[in-house]
Amino acid sequence: MKKVYIQILFAFMIILSSINIFATDGYRRFTKPLDEETEERGKINNSFSDYIPFYSNSVFVNYNISRDSFPQNETSVKISRKNPNRVVAAWRDFRQGVNPANRRVGYSYSTDGGITWSVSKLLDSMLLPGFLKNSDPAVGVDTAGNFYIAVICISNTGALAVYKSTDQGVTFPTAFLIANDGSEDKEFITTDFTDGSPYKNTLYISWTRFSNNTGN
1 MKKVYIQILF
11 AFMIILSSIN
21 IFATDGYRRF
31 TKPLDEETEE
41 RGKINNSFSD
51 YIPFYSNSVF
61 VNYNISRDSF
71 PQNETSVKIS
81 RKNPNRVVAA
91 WRDFRQGVNP
101 ANRRVGYSYS
111 TDGGITWSVS
121 KLLDSMLLPG
131 FLKNSDPAVG
141 VDTAGNFYIA
151 VICISNTGAL
161 AVYKSTDQGV
171 TFPTAFLIAN
181 DGSEDKEFIT
191 TDFTDGSPYK
201 NTLYISWTRF
211 SNNTGN
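In this note's numbering, the protein residues as written are 1 to 216.
Keep in mind that the hints were calculated from the coordinates and are not lab data.
Hints may be right or wrong, so weigh each one.
To be verified - List of simulated lysine to aspartate or glutamate pairs, DMTMM-like, C-alpha gap at most 25 Å:
#1 Lys200 - Asp167
#2 Lys164 - Asp112
#3 Lys186 - Asp142
#4 Lys164 - Asp142
#5 Lys133 - Glu74
All chains, please: the whole structure from these sequences, using the hints.
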């Protein structure tokens, strides 16, 4: 009986050893301690040209762009494709009133990769006659260093516009009305950065159009 127990124990040890050999993810065994696993979690190898978020074991510092007490939310941030130290952040801003809600879009820029930020400003809603409010920003960039902020323009209905900055996010003196056919909402903006593409640096915007006729 003792011999049988020894044989069973030996077989069990062989099985455990096999699991330890084959339980890998290409480079690391699953049996590594958790702290060793997380050490390499921030490393990424890719062939994409765009910036890709990923997990990191580093501790990042939060920087306050504005210390105002009024509500600010729905933030959008983009890094320049020309100079990675240039960063623009935009957000929904209530500095002109909460009740009733006076929605505006605030923005700020950084010249040192996000360590320090400029005094926050509001996009000029007067660039688009008939729309005194704007909201829900989405920041975009191109390879020339220009920044764009897509916004919802608010009056009795909702329109869609894009503000453009040619001085790397310092000012946004130009605005283009994109759509004004109803209640436009939840816009997103992106750019074609594909080398060789005939549409490289073309901006694309998507949004939701709410209508009483369709219920959407």
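Evaluated hints:
Only pairs whose Cα atoms come within 25 Å are accepted, and Lys200 paired with Asp167 is accepted, the gap being roughly 21 Å. Of the pairs offered as hints, the one joining Lys164 and Asp112 holds, with about 21 Å between alpha carbons and a cut-off of 25 Å not exceeded. Using a Cα cut-off of 25 Å, the hinted pair Lys186 and Asp142 holds, with the two alpha carbons roughly 21 Å apart. This hinted pair checks out: Lys164 and Asp142 have alpha carbons roughly 11 Å apart, not beyond 25 Å.
At most 25 Å may separate the alpha-carbon atoms for a hinted pair to count; Lys133 and Glu74 meet this at roughly 15 Å.
Comparing the model with each numbered hint stated earlier shows that all of them hold.
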